[in-house]
Amino acid sequence: MARKVAIVGIGQTEHKTRHPECSHAELINEAARRALEDAQLTIKDIDAVLNGNMDLFEGHNLLDTITVDGSGAYLKPGRKMNTGGTTGGTMVTSAWYHVASGIYDVVLTIASEKQEESGGNTTSAIITCADPLAYRPFSTGAVGALAMVAARYMHDTGCGEEPGAIARVKAADNALKNPYAHLKLHLTLEDVLESRMLIYPLRLLHMCPQSSGACALVLASEEKAKKITKKPVWFKDHVISHQECFKRPLSPDPTPSMISQTDAARKLYQRNGVTQPRRDIDVFEMYEPAAWAEIAWMEDFLLCERGEAWKLVERGVTALDGEFPINPSGGVVSTNSIGATAMVRVAEAALQIRGDAGAHQVTRKEPKTAVATAFGGCNWTIMTLLSKNLD
Amino acid sequence: MTKQEAQEYMIVPCGINGEMNIPYSWGAGDFVGKALEELRDNGKIYANKCPQCGRFHLPPRKVCGRCHVEMEGRENWIEVGPKGTVLMFTVTVTPFLEPETGKPRQVPYTVATIQLDGAPAAFEHYLKETDPEKLKVGMRVEAVLKPKEQRRGDVRDIIQFRTIEK
Amino acid sequence: MNQETKPNTPVSIPGAIIMPYRYYAGATGSKFFVELRDNKRIMGIRCPQCNRVYVPPRSTCVHCFAKLDEWIELDGRGTLESYTIVHYPLPVHPLSPPFAYGIIKLDGADTGLTHFLGEFEPEELEIGMRVKPVFKEKREGSILDIKYFKPLYKNS
Chain A
1 MARKVAIVGI GQTEHKTRHP ECSHAELINE AARRALEDAQ LTIKDIDAVL NGNMDLFEGH
61 NLLDTITVDG SGAYLKPGRK MNTGGTTGGT MVTSAWYHVA SGIYDVVLTI ASEKQEESGG
121 NTTSAIITCA DPLAYRPFST GAVGALAMVA ARYMHDTGCG EEPGAIARVK AADNALKNPY
181 AHLKLHLTLE DVLESRMLIY PLRLLHMCPQ SSGACALVLA SEEKAKKITK KPVWFKDHVI
241 SHQECFKRPL SPDPTPSMIS QTDAARKLYQ RNGVTQPRRD IDVFEMYEPA AWAEIAWMED
301 FLLCERGEAW KLVERGVTAL DGEFPINPSG GVVSTNSIGA TAMVRVAEAA LQIRGDAGAH
361 QVTRKEPKTA VATAFGGCNW TIMTLLSKNL D
Chain B
1 MTKQEAQEYM IVPCGINGEM NIPYSWGAGD FVGKALEELR DNGKIYANKC PQCGRFHLPP
61 RKVCGRCHVE MEGRENWIEV GPKGTVLMFT VTVTPFLEPE TGKPRQVPYT VATIQLDGAP
121 AAFEHYLKET DPEKLKVGMR VEAVLKPKEQ RRGDVRDIIQ FRTIEK
Chain C
1 MNQETKPNTP VSIPGAIIMP YRYYAGATGS KFFVELRDNK RIMGIRCPQC NRVYVPPRST
61 CVHCFAKLDE WIELDGRGTL ESYTIVHYPL PVHPLSPPFA YGIIKLDGAD TGLTHFLGEF
121 EPEELEIGMR VKPVFKEKRE GSILDIKYFK PLYKNS
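Residue numbers (this note's numbering), protein chains in the order written: chain A, 1 to 391; chain B, 1 to 166; chain C, 1 to 156.
No wet-lab data here; the hints were simulated from the structure.
There could be a bad hint or two in this list.
[Unchecked claim] Here are the simulated lysine-lysine pairs, DSSO-like style, with alpha carbons at most 27 angstroms apart:
1) A/Lys4 with A/Lys80
2) C/Lys132 with C/Lys147
3) C/Lys154 with C/Lys40
4) A/Lys368 with A/Lys4
5) A/Lys76 with C/Lys67
6) A/Lys80 with A/Lys16
7) B/Lys49 with C/Lys6
8) A/Lys16 with C/Lys67
9) B/Lys44 with C/Lys6
10) A/Lys80 with C/Lys67
11) A/Lys76 with C/Lys105
12) B/Lys62 with C/Lys6
[Said to hold, decoys possible] Computed from the model, here is a short list of chain C residues facing chain B with C-beta under 8 angstroms:
13) Lys6
14) Pro20
15) Thr79
Nothing here was measured: the structure is a model prediction, and the numbers come from that model.
Glycine residues also receive a C-beta, built at the ideal position from the N, C-alpha and C atoms.
Okay, chain A solo, but in the shape it has when bound (with noise of 0.2 angstroms):
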């Protein structure tokens, strides 16, 4: 029987393009221990030690093998974690299982990419995951991907250009008010709609940038977190789902929807006793490497019918003060150390159920429930369910 596990320590570096003035150790120890600084603890109240980012972006293979003093890992449990884009939910989901366990009662867990490192590089790191046989020499990185999956949604919808450009404006806004957040762009729509093409029909400003940061977390049992903190951020539920990899030859699916994504949500919402996702869930922070990623995929997560997420982001729904706020953080297309990116989603979503964030914290209701969701190339997703209660 799982024990109760929450969120008693949230860290994060500023992102930015560049961190030269830190190698990456050092990097994670500042997400460490800002992590540790905020649930005043030090590291020696730490029982094992995780650390995830995606290995090929910066050319280490095994990347802990150089950074346990930025970890504080040395001589603790814990292990060196890479899942591509879903790494900083996996780092989570796996803190959450050293600590359910039982056999651990608090965990620092913390994920990080400095894509710097790669020359801004990483499309060609994402086309090594694609199948050396069948898939490789096409492969446009994550880029391709999410090209087509914008193409798809237009052409289904016919719903033109300016849905994106509406989404992109949103994160931009949200992202001004988030001091960790990397891109912090004055937008207007017609800057989105005349913006550079980097690959059809996905424009530059689509697109997220290469950021480089740190997070970090400590998760405790339900006895200690009560004595850390007066604010514990409870995991209710969470829900991992494979799919084939988005390398269309070695899937069964030619079309770009997420199953994975449509099977965790639905997995997630029965578990938990929603039925209306966008009335049962207050914040909703998505992985969406592009403008057009989050509205297809609000459709993906079962938030609203087929054919209609453009129609709510039209109308304002999704806005930090909408009906339904999703990334009040400014969202990955705002900010993307990949491997750390999945774990800022929990971070941020934590951070509204503490009433913590600051100038984007969501007012319009008070949040109590809150989802993050990983994406990775690999195409598998992980939602996370966080609450402010513990029942």
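Since the structure of chain A is provided, determine the placement of chains B and C on it from the hints.
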């Protein structure tokens, strides 16, 4: 160290050449190996069908991804193409680095998901057409193969798919 | 009709992963490399809690998790803790064989520094031997600004 001192000491390191250059050789295995051999020697493209759930796989594989049934034997193989229908496409205009060479890819190039005639199995490949105005979902295309003596047993033995009239 | 599902000869697709990278040493690392480049000085950093001295320096003590910023200059001499001599060639090796490298514990440091060994006859190398660094004439701010460590008794 103060921030100012840190600024003074800031340098871009560091002696060792920052390029990863690692050769690999990936084994195709039995089924994909045979499919590639058929492509190289006979110019044919094959998919296989799961006898339990009916799902098609292209290239053929031994175990169905959905129901885990083993698909021994050639009787489940079906020849597909060379014509097909475009399900999705995208035109890349940004010269991303090709990880196999470390050099920028030639742009523009079009990648599409194509459903080859004969089975509802999708296949990813280049399209000859790179003008987005002339591309559309549902258009008909046909595989263009390299001459037999140039084929190596590799998915690039198909050069690309050209647009054909209905 | 061909009933085979196995190719006549196994099929292998050759390829490579070639990607450029650039690593930042950060503020702490940069000071170490700048001192090597400009002043031919090897700097270490000391932990205020456990007194361990790290070289190359880093900003967090592995044992205490304390922040480190107490710099000390080391004179460069040290003791050879272990070594090996490479006799076979590989494209990825940094030098042509035979070449030697070892772990050197510099006087004043608590950590080992890995580096090449030079100016020795094979039978002269032994664990416990005293060594000192030889710097390159042209230095760039890299660990290779030190060319190698040589036996201490060899005159400059």
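Taking 8 angstroms as the limit, does the beta-carbon of C/Thr79 come near enough to a beta-carbon in chain B?
Violated. Min distance 25 angstroms.
For the pair supplied as a hint, B/Lys49 and C/Lys6, confirm whether the alpha-carbon distance does not exceed 27 angstroms.
holds (17 angstroms)
Checking one constraint from the list: CA of A/Lys80 to CA of A/Lys16, max 27 angstroms. Satisfied?
holds (24 angstroms)
Given the hinted pair A/Lys76 and C/Lys105, is their Cα-Cα distance within 27 angstroms?
holds (26 angstroms)
Just to be careful: measuring from the Cβ of C/Lys6 to every Cβ in chain B, is the smallest value less than 8 angstroms?
Result: holds, 5 angstroms to nearest chain B Cβ.
Take a quick look at whether A/Lys80 and C/Lys67 sit within 27 angstroms of each other, Cα to Cα.
holds (23 angstroms)
Take a quick look at whether B/Lys62 and C/Lys6 sit within 27 angstroms of each other, Cα to Cα.
Given that 27 angstroms is the threshold and the Cα spacing comes to 11 angstroms, the pair holds.
Straight-line Cα separation of A/Lys76 and C/Lys67 no greater than 27 angstroms?
Holds. A/Lys76 to C/Lys67 sits at ~19 angstroms (cutoff 27 angstroms).
Between C/Lys132 and C/Lys147, does the CA-CA distance stay at or below 27 angstroms?
holds (11 angstroms)
Hint check: 8 angstroms Cβ-Cβ cutoff, C/Pro20 to chain B:
C/Pro20 check passes; min Cβ-Cβ to chain B is 5 angstroms, inside 8 angstroms.
Check whether the Cα positions of A/Lys368 and A/Lys4 lie no farther apart than 27 angstroms.
This hinted pair holds, its Cα atoms lying about 17 angstroms apart.
Tell me if the straight-line CA distance from A/Lys16 to C/Lys67 falls inside 27 angstroms.
Holds - the C-alpha atoms of C/Lys67 and A/Lys16 are around 23 angstroms apart, at most 27 angstroms.
The structure fails to meet hint 15 from the earlier list, while all remaining hints are met.
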